[in-house]
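Colleague: Construct the complete structure from the given sequences, taking the supplied hints into account.
Taken in order, these protein sequences are the chains called A and B.
Using my numbering, you'd call the opening residue of the first sequence number 1 and step up by one each time.
Using my numbering, you'd call the opening residue of the second sequence number 1 and step up by one each time.
If you are wondering where the hints come from, they were derived from the structure by calculation, not from laboratory data.
Given the structure is predicted, the values throughout are model-derived calculations rather than measurements.
Keep in mind that the hints are not guaranteed to be accurate.
Claimed, not checked - The following label-pair restraints were derived from C-beta to C-beta distances:
id	chain 1	residue 1	chain 2	residue 2	range
1	B	6	A	168	42 to 48 Å
2	B	133	A	471	28 to 34 Å
3	B	130	A	472	17 to 23 Å
4	A	11	B	130	23 to 29 Å
5	B	71	A	26	46 to 52 Å
Stated by the list, open to error - So, partial list: chain A residues that the calculated Cβ filter (under 8 Å) puts toward chain B:
id	residue
6	6
7	13
8	14
9	44
10	45
11	48
12	56
Using N, Cα and C, we set each Cβ at its ideal position, and we do this for glycine too.
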Amino acid sequence: MNPDRWQRLQLLFHDALKLTPNKRSTFLDDRCGTDVELRREVEALLAIGNDGTDFVEMPPSDLAREFLRTADPRVGTQFGRYQIESLIGSGGMGTVYRAYDPRLRRTVAIKLLRVSDGNDETVISRFEQEARAAAALNHPNILAVHDVGVQDGHPYIVSELLEGVSVRALIQTRPRTETWVPYAIGMCRGLAAAHDRGVVHRDLKPENLFVTRDGHAKILDFGLAKILRRDTASHVDLPTNRSLTAPHVMMGTLGYMSPEQISGQSVDHRTDLFSLGAVLYEFLSGQPAFAGEHASDIIAAILKDQPIEPPDADDVSAGVFRLVRHCLEKDPTQRFQSARDLAFSLETVHAGSTRQRTHRQARVPLEADGPSRVIVLPFENLISNESDGWLSGALADSLTFGLRTIEHVILVNRQPSDATTNPHQLFETFGVRYCVKGTYQRVGDDLKVLVRLIQTDTDTIIVQESLTDRFSNLLSLEDAIAARFAAAFERLAPAPNPGRTSSLAAYKRFSQAKDLHLAGRYQDAVHHLQIAVRQDPDYADAWALLANSYARLTSPAASDDQARAEFQRLALTAAHRAADLDGSLYEAQIALALAYRGMEDVDRWRAAALKASELNPRLAEAYVLLGQSYFAAPAWGFTRHRDGELAQMYLRKALRLDPRFGLAHNALVHHLRWAARADEALQAADEAIRVLPDHTDLLRARAVTLVQLGRLREAEEACARVANEMTHGVLEEWASAAIDLLRGQLERGGARLEAVMARGPRVLRELDTALIYCHMGSFADAASHVRAACDADAACVRFVEQCPAFADFLRASG
Amino acid sequence: MTDSNHQVTRLLKDWAAGDATATDQLLTVVYSELHRLARRSMNRERRDHTLQATALVNEAYMRLVAQRDVDWQSRVHFLAIAAQCMRRILVDHARTRRSQKRGGDARRVALDDDLVVTEDRWTALTHLDDALTELAQVDERKARIVELRFFAGLSIEETAAALHVSPGTVMREWTFTKAWLRRTIEGPGARVTE
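Modeller: Structure (structure tokens):
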């Protein structure tokens with residue numbers, strides 16, 4: 001805005017402000033004249049007025065407060081070879097950061113220990129000795145330590161970065177006994193492994209125990225207690241007066257110390273069993289086993305008091321309590337003598353409890369024989385307001401996302417073609433044990449959402465949640481729904497929701513794009529996503545979907561060569577952007593894999609797909625991409641490591657996770673065909689079409705499989721179905737040509753074929769065509785197509801040699 | 001008196017005597033002092049951080065300046081510089097958070113109502129920063145007014161003194177600027193719209 005105009009804007013604003021609102025319009029008519037733009041600007045500013053709720057009227061004291069809580073000067077700096085990314089936490093022992101290790105290209109946790117004599121050489125060497133012994137422990141239930149050392153006088157420990165919750169946080173959610181006992185068993189196993197190597201923890205407490213997002217218990221900080229209490233030179237672990245007066249160092253720990261530790265006697269591995277018992281007691285009752293206002297009260301309680309049985313204990317909890325009481329014996333010789341014994345006892349109680357539960361019809365949707373399939377159906381808009389239609393998919397997707405890390409649950413992908421919402425039918429057809437049905441109504445700025453979890457075979461409602469919030473709070477409303485459902489699935493949902501945006505506009509675009517993408521309208525999806533990433537350039541989800549849409553546009557059927565190259569470039573850029581913004585976003589890795597697949601870069605394609613499957617082990621798409629990278633069919637003529645077994649394994653895994661994944665079925669059928677296992681291919685195709693009766697790609701796959709098997713009459717019917725189902729595109733034209741050929745109309749079919757072949761990469765179609773000619777006995781025509789295929793991809797030679805359908809052809813042509 | 005105390009007091013005097021380069025040096029010292037104060041406060045591990053942005057600025061002033069040796073003008077100049085630093089510290093932090101918001105805590109944050117509010121405020125802060133940068137290109141003084149009022153908690157009178165204008169002018173411009181900022185941050189035209 002030029003200075004003149006800026007001045008005029010202010011003058012008009014102030015002058016108009018002095019007038020009563022009803023006189024302003026005439027005033028502005030007079031002063032602005034034909035300058036509509038200026039007038040609109042003044043009116044907009046006046047309309048904002050002065051209602052006192054301005055952001056700038058509130059000094060950022062809350063932000064400063066939070067900043068103080070989390071700010072740390074090390075963030076963003078280099079520490080040794082590690083780049084410190086953010087502060088995870090800070091406590092008596094030191095400070096923990098999330099950091100990146102560029103050498104091994106992984107994210108790690110670094111703990112910087114707080115020691116007063118960082119320059120004292122004996123302290124340092126003692127630290128290294130102890131920490132290395134602890135670091136040598138290698139067990140799934142013990143935090144993996146990668147590196148220990150001293151940098152500029154700061155002892156540090158580099159370990160794997162855990163995602164999940166501390167047992168401290170877990171206890172606060174008061175989980176059911178059946179839920180946490182498996183974690184306790186894991187902790188015992190970790191302890192047993194350490195005790196076997198003579199390492200005693202000495203400081204077990206809820207803060208040092210952790211449950212990862214995939215449900216593994218981990219013990220943290222082995223050996224640290226001994227290092228940090230170096231002033232007690234002997235084996236005596238007596239907390240000195242000095243440490244007792246430093247509450248942040250000792251107080252948290254005090255309540256979990258064993259009597260022998262408190263009273264300064266020598267300790268062995270059984271001290272850990274006492275401490276673990278105290279932790280388990282807190283799990284059971286929600287209260288510390290030994291509490292008191294002053295340190296002396298706590299000490300007295302540990303030395304004298306017997307823990308009280310929680311009053312509301314059910315059978316299982318009562319059983320566990322008896323074990324806990326045995327851990328908490330004052331005399332070490334009266335306790336469990338090994339962590340292994342405790343683990344065994346806990347397992348026995350737990351096994352009894354799960355048996356009991358299946359008897360009385362568990363109210364939670366967990367099945368003893370494996371994970372449950374769950375589908376989240378698109379939400380129903382109770383008010384027929386078209387402009388809110390995008391919410392239907394958006395709410396379903398966010399709930400799917402929020403539930404994705406829950407154990408024992410497999411989420412079946414939403415597809416727009418899913419017409420069935422009838423629970424019985426979902427159960428019969430797809431084996432979906434549970435479905436989530438939701439409705440929403442938006443009235444003005446209020447959004448009301450009702451969500452039900454329904455057991456499909458009995459059509460009963462298991463959980464029902466109703467939430468109302470302001471529409472502008474949509475994002476937190478979605479989180480709340482997901483959290484409540486996650487709780488209904490009897491698990492914490494510590495899953496962060498990565499890739500989120502703070503821009504509602506961008507989110508809306510993204511959700512619209514997602515629907516379009518699912519409907520195969522990739523161009524339209526791209527349009528919305530481009531706007532979304534302009535609105536929020538840090539929106540990783542949108543970048544990933546954008547990359548995915550671009551990658552879909554590079555398919556030969558979708559675009560010409562020049563456009564493909566451009567789409568490939570755009571797909572790769574967007575995918576990298578998404579992956580850079582959020583390294584844990586599996587969609588970004590999927591997009592990368594798709595982009596590299598388009599570029600025929602098999603190694604990177606495979607690596608990205610593998611990463612995606614690691615980030616989300618239940619993601620069918622990742623396994624399809626992996627399978628494709630190994631599968632036997634010649635595709636675009638590039639060479640790659642082909643491994644039929646791996647390909648099949650990955651594809652079948654994808655289908656176990658999502659039986660209605662059309663792409664996976666298609667890939668499997670083609671893989672089997674080109675592995676010269678046409679019979680199995682036909683079986684796979686029939687199975688696929690049973691689940692997805694109208695899937696055109698599958699219909700075509702079945703048709704060409706029939707050709708390969710020489711079942712020409714059925715093939716002709718199948719081709720006719722393809723030609724009918726599809727309204728445009730190469731496949732339909734090819735199918736029409738194939739029908740001509742199969743009916744013996746060689747000339748017309750041949751001409752049609754030439755027209756089809758002139759378009760796009762064609763290795764597969766060359767071979768399919770050659771197959772038809774072989775069956776028709778036209779070996780000369782077959783030969784030219786076989787040659788074209790083999791020139792494009794040498795792998796075809798092997799196929800032609802192996803495939804029985806070509807046997808006559810090979811004999812005839814030598 | 002500490003070294004930095006000496007240094008800041010001297011720099012303020014230099015500035016009062018017309019040395020323009022003193023401001024740059026002051027910025028550096030004040031920025032690191034505010035950061036240090038923030039860090040120290042964290043290390044204390046106080047559960048109840050009652051310290052506010054404005055209190056932090058004042059604490060820095062008390063620590064860094066020998067008050068008897070400088071005049072009122074110099075105090076205001078110091079606070080103006082502190083406001084700039086405060087803006088930089090908080091906005092840097094907001095942007096770091098944004099880039100790291102996919103970290104492990106994202107969910108927890110979203111579930112805690114109080115923190116959701118704070119999360120919005122962080123986002124709003126970066127928008128405010130963008131808008132102020134834009135505003136400074138057209139009208140530097142208005143941007144400074146916001147900086148002083150918002151980030152350092154200066155009163156209308158103190159702001160007027162810092163900028164060598166009358167309180168009436170500050171009042172007028174403050175009213176206008178608030179409306180303009182709100183329109184720029186929230187209203188149509190400022191961000192990409194439909």
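Colleague: If a hint holds in the structure, say so; if it doesn't, say that too.
Modeller: Okay, the hints, checked on the actual structure:
1. B/6 - A/168: 42 to 48 Å: Between residue 6 of chain B and residue 168 of chain A, where Cβ atoms are some 47 Å apart, the hint holds.
2. B/133 - A/471: 28 to 34 Å: holds, 31 Å
3. B/130 - A/472: 17 to 23 Å: holds, 21 Å
4. A/11 - B/130: 23 to 29 Å: Taking Cβ atoms as reference, residue 11 of chain A and residue 130 of chain B lie about 26 Å apart, which means the hint holds.
5. B/71 - A/26: 46 to 52 Å: holds, 50 Å
6. 6: Where the cut-off is 8 Å and the nearest Cβ of chain B is about 6 Å from residue 6 of chain A, the hint holds.
7. 13: Residue 13 of chain A check passes; min Cβ-Cβ to chain B is 6 Å, inside 8 Å.
8. 14: It holds, given that the least Cβ distance between residue 14 of chain A and chain B is near 6 Å, below 8 Å.
9. 44: Constraint on residue 44 of chain A satisfied, holds at 6 Å.
10. 45: Nearest chain B Cβ about 4 Å off; hint holds.
11. 48: holds, 5 Å
12. 56: holds, 5 Å
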